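K.L.:
Quick note, the sequences are listed as chains D and Z, same order. Per our numbering, residue 154 is the first one in the first sequence, and the count goes up by one each step. Per our numbering, residue 6 is the first one in the second sequence, and the count goes up by one each step.
Fair warning: there could be bad hints in the mix.
Said to hold, decoys possible - With a straight-line cut-off of 25 angstroms between C-alpha atoms, the simulated SDA-like cross-links for lysine to any residue are:
no., chain 1, residue 1, chain 2, residue 2
1, D, 250, D, 233
2, D, 324, Z, 119
3, D, 324, Z, 185
4, D, 225, D, 268
5, D, 250, Z, 104
6, D, 250, Z, 54
7, D, 250, D, 194
8, D, 324, Z, 102
9, D, 324, Z, 106
10, D, 250, Z, 180
11, D, 225, D, 205
12, D, 250, D, 217
13, D, 324, Z, 66
14, D, 324, Z, 9
15, D, 324, D, 253
16, D, 324, Z, 45
17, D, 225, Z, 104
18, D, 250, Z, 116
19, D, 225, Z, 45
20, D, 324, Z, 180
21, D, 250, Z, 185
22, D, 225, D, 211
23, D, 250, Z, 38
24, D, 250, Z, 107
25, D, 250, Z, 16
As the list claims (entries may be wrong) - Output of the computed footprint for chain Z on chain D, the stretches with three or more beta carbons under 8 angstroms from beta carbons of chain Z:
no., stretch
26, 178-185
27, 263-271
What the hints contain is simulated information worked out from the structure, not anything from laboratory work. Being a predicted model, the structure only gives us computed values, none of them experimental. Virtual Cβ for every residue (Gly too), placed ideally from N, Cα, C.
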Amino acid sequence: MNRSVAWRLALGVTTAIFGSSSGHAVTYMTAAEARAALVPDAQSFVDRSATLSADQRTAIRRASGTSARGPKVSVWEARGSGGRLLGWVYVDQVLGKHEYITYAVAFDARGAVTGIEILDYRETYGDEIRNPRWRAQFRGKALGAELKLDRDIRNISGATLSCRHVTDGVKRLLATHATLFGRA
Amino acid sequence: MIRRCRPLLGTFVEIAAPPGCAATVEAGFAAVAQVHRLMSFHGEDSDLARLRRAPAGTPVVLAPETMAVLRLALALHRESAGLFDVAIGARLVRTGFLPLPAGVELAACTGTSADLELRDDRRAVCHRPMLLDLGGIAKGFAVDRALAAMRAAGADGGLVNAGGDMRAFGEHAFPVDIRGARGHVERRWSLRDQALASSDNAASRRRRWGRTVTPHIGFGRPLKNRRVVAVVAPDCATADALTKIAMADPPLAARMLRERGGFVLGPAASEAHAA
């Protein structure tokens with residue numbers, strides 16, 4: 154299992170937000186919640202996470218035009234009743250404005266995208282980006298704390314963020330899927 | 006609250022609903038996805054693509070959602086004396102904000118909203134070639150549709166936020182940070198049973214012929230300062246569209262909003278007129 158995903162799971166992440174600063178972080182779902190939501194008929198998920206070889210990474214970059222953060226791929230096979238293959242769920246990260254966005258993509262058994270969920274999203278601005286103490290907040294120390302009430306979660310307006318990197322990430326995962334499982 | 010977020014409309018769409026309302030969140034996203042499909046400038050099977058492929062003067066049957074957006078857009082075009090114009094697509098392609106769609110002869114796209122006729126409740130006619138772009142209104146409209154879908158599915162409250170254009174319904178008050186171009190919080194607002202949209206053009210300016218241009222302002226108008234423009238209105242399509250008018254002509258936007266039960270959000274602690 155991908156280390157960062159394990160990290161997230163271990164946190165049993167709820168929601169953390171740092172209302173007093175202008176930074177913003179929301180955890181929408183854990184990887185396990187995303188798998189269940191994306192393939193609701195699944196009875197079980199089999200961890201098929203893999204490490205790509207240099208050649209595979211080159212092939213994926215050529216096919217999709219984007220590079221992955223690292224060689225590790227977090228992917229689960231969704232199995233329905235009687236062990237029937239329903240599809241796959243990938244969990245991946247792409248760069249948002251300054252910080253990484255974690256998202257999950259589901260493919261059906263034929264390799265077509267059936268859903269995308271953002272798992273967590275954070276952003277930092279200005280001085281915060283260079284402030285290690287401020288950034289340390291995101292490393293999970295606060296995340297073990299109890300669920301904050303929704304009234305504390307600040308909603309952001311202004312400076313619309315493009316989802317282009319997620320769209321590119323999905324393209325890369327399509328190519329990754331073809332490399333790992335031979336279909337796209 | 007349950008919170009979910011998906012990449013749609015070129016940005017991140019977030020929906021919040023009370024616990025136990027997960028099905029209504031799905032209904033909300035489905036409505037946003039439908040608007041995305043119908044009104045994408047980029048998609049080749051969207052209503053916009055069908056409109057631009059049809060020869061000038063030919064009626065095109067459109068989805069009820071697209072008709073509703075165009076109806077509002079034309080009303081705003083008339084009331085703003087042409088300032089708000091969804092036929093801005095050609096200008097946005099020329100200035101590099103949008104790609105040129107396949108098969109389009111840009112020089113021929115001279116039509117404005119005044120050349121767009123809604124013939125009945127299902128057909129639209131472009132009397133001159135034009136490139137429609139609903140980027141200034143569709144996000145807000147999608148938020149309104151999502152909210153209606155959530156209500157129809159039984160939700161009694163929630164929030165839909167499409168890249169900063171948002172609307173809340175129900176008793177809950179949602180705190181909102183309004184960010185300026187540098188990312189600092191310019192304003193805070195408590196959103197309850199109303200819509201809020203904001204716009205700033207600091208990140209969407211291009212140099213053209215030695216001048217700086219930005220969508221929805223065009224030539225011959227001063228570019229606004231770095232301040233973000235935020236609008237509160239009863240519905241989000243109005244809020245979204247009026248941010249563009251507010252950026253170019255604040256007094257006009259204020260007048261138009263007054264008639265619609267909304268207002269431009271000024272600097273902190275100056276909303277004496279806030280209803």
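K.L.:
With a cut-off of 25 angstroms on the C-alpha distance, tell me whether residue 225 (chain D) and residue 45 (chain Z) pass.
P.N.:
Cα-Cα ~34 angstroms, so violated.
K.L.:
Run the distance test for residue 225 (chain D) versus residue 104 (chain Z): straight-line Cα separation, threshold 25 angstroms.
P.N.:
Not satisfied, since the Cα-Cα distance of roughly 35 angstroms exceeds 25 angstroms.
K.L.:
Against the 25 angstroms threshold, does the CA-CA distance of residue 250 (chain D) and residue 104 (chain Z) hold or violate the hint?
P.N.:
holds, 22 angstroms
K.L.:
For residue 250 (chain D) and residue 116 (chain Z), compute the direct alpha-carbon distance and say whether it is at most 25 angstroms.
P.N.:
Violated, because 36 angstroms separates the two Cα atoms, which is more than 25 angstroms.
K.L.:
For the pair supplied as a hint, residue 324 (chain D) and residue 102 (chain Z), is the alpha-carbon distance within the 25 angstroms limit?
P.N.:
Holds: residue 324 (chain D) and residue 102 (chain Z) sit about 23 angstroms apart, inside 25 angstroms.
K.L.:
Has the given pair, residue 250 (chain D) with residue 107 (chain Z), been kept, meaning a C-alpha gap of at most 25 angstroms?
P.N.:
With Cα atoms ~30 angstroms apart, residue 250 (chain D) and residue 107 (chain Z) exceed 25 angstroms; violated.
K.L.:
Assess, step by step, whether the Cα of residue 324 (chain D) is no farther than 25 angstroms from the Cα of residue 45 (chain Z), and give holds or violated.
P.N.:
Measuring from Cα to Cα gives roughly 19 angstroms; hence the hint holds.
K.L.:
Holds or violated: residue 324 (chain D) with residue 106 (chain Z), Cα cutoff 25 angstroms?
P.N.:
Status holds; Cα separation ~21 angstroms.
K.L.:
Checking one constraint from the list: CA of residue 250 (chain D) to CA of residue 233 (chain D), max 25 angstroms. Satisfied?
P.N.:
Outside the cut-off at roughly 38 angstroms; violated.
K.L.:
Quick one, are residue 225 (chain D) and residue 211 (chain D) close enough, alpha carbons at most 25 angstroms?
P.N.:
holds, 14 angstroms
K.L.:
Are the Cα positions of residue 225 (chain D) and residue 205 (chain D) separated by 25 angstroms at most?
P.N.:
Holds, at roughly 6 angstroms.
K.L.:
For residue 250 (chain D) and residue 217 (chain D), compute the direct alpha-carbon distance and say whether it is at most 25 angstroms.
P.N.:
holds, 21 angstroms
In terms of the numbered hints stated before, the structure departs from hints 1, 2, 3, 6, 7, 13, 17, 18, 19, 20 and 24, listed from lowest to highest.
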